[in-house]
Amino acid sequence: MLDVEQFSLLVRDIIQEPVRIYQIKVKPMGKHYLIELFLDNVENKYGSVTIGECEDVSRGLVKILNERYSDITFTLNVSSAGAERELRNVEDYLRFRGLLVKLSYKDDGELTKEGVFKIIDLVDTTLHLEVFQKRNKKMKNEQLSMNLKDVLRGNLYLDI
1 MLDVEQFSLL
11 VRDIIQEPVR
21 IYQIKVKPMG
31 KHYLIELFLD
41 NVENKYGSVT
51 IGECEDVSRG
61 LVKILNERYS
71 DITFTLNVSS
81 AGAERELRNV
91 EDYLRFRGLL
101 VKLSYKDDGE
111 LTKEGVFKII
121 DLVDTTLHLE
131 VFQKRNKKMK
141 NEQLSMNLKD
151 VLRGNLYLDI
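Under our numbering, the first residue of the sequence shown is numbered 1, with each subsequent residue one higher.
The hints are simulated quantities; they were obtained by calculation from the structure and are not laboratory data.
Mixed in with the good hints, there may be bad ones.
[Stated by the list, open to error] Distance windows between CB atoms, simulated:
1. Y46 <-> L9: 22 to 30 angstroms
2. K63 <-> T126: 44 to 52 angstroms
3. T75 <-> K45: 29 to 37 angstroms
4. R20 <-> V151: 19 to 27 angstroms
5. H128 <-> K63: 26 to 34 angstroms
6. S145 <-> T112: 17 to 25 angstroms
7. D159 <-> K113: 16 to 24 angstroms
8. N44 <-> T112: 26 to 34 angstroms
9. D159 <-> I64: 34 to 42 angstroms
10. S8 <-> E130: 34 to 42 angstroms
11. D107 <-> K63: 44 to 52 angstroms
12. E110 <-> T75: 28 to 36 angstroms
Treat the numbers as computed from the prediction; the structure is a model and nothing was measured.
Note that the Cβ used here is the ideal one computed from N, Cα and C, for glycine as well.
Please build the complete structure, drawing on both the sequences and the hints.
As structure tokens, then:
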């Protein structure tokens with residue numbers, strides 16, 4: 001049987017800095033497994049990994065899985081964590097300072113609101129943000145601060 005921890009150890013043997021594991025999903029379906037691996041490049045401003053990096057990791061994993069787990073069949077998907085990835089911890093908010101994020105948050109502890117902001121900084125547990133608006137010379141930059149515990153969900157946001 002293959003689980004997330006075992007698979008994580010295999011991946012760590014193959015990937016090289018600056019590429020890291022963002023998320024692993026292993027879904028057993030009888031003797032078949034659906035394995036999803038999401039990668040992150042910590043040196044890239046947006047965390048993007050290249051197709052080539054995904055291919056290299058995929059080839060290495062297929063070889064090892066076929067050698068060590070010949071009794072199972074699997075589908076392996078290797079990809080980037082995504083341009084609008086979820087921000088999961090304090091380090092993510094610090095790392096992506098200066099970028100746009102879409103936040104779902106509690107306002108005044110009660111109402112749930114959503115908005116798009118640029119991360120200015122994170123000091124202790126206070127997130128300092130600039131409200132995102134299409135640039136208009138007559139508009140003033142509106143800033144606000146919120147406690148990180150009030151953020152229900154945060155994702156990177158692409159303005160296309």
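Hints the structure fails to honour: 5 and 12
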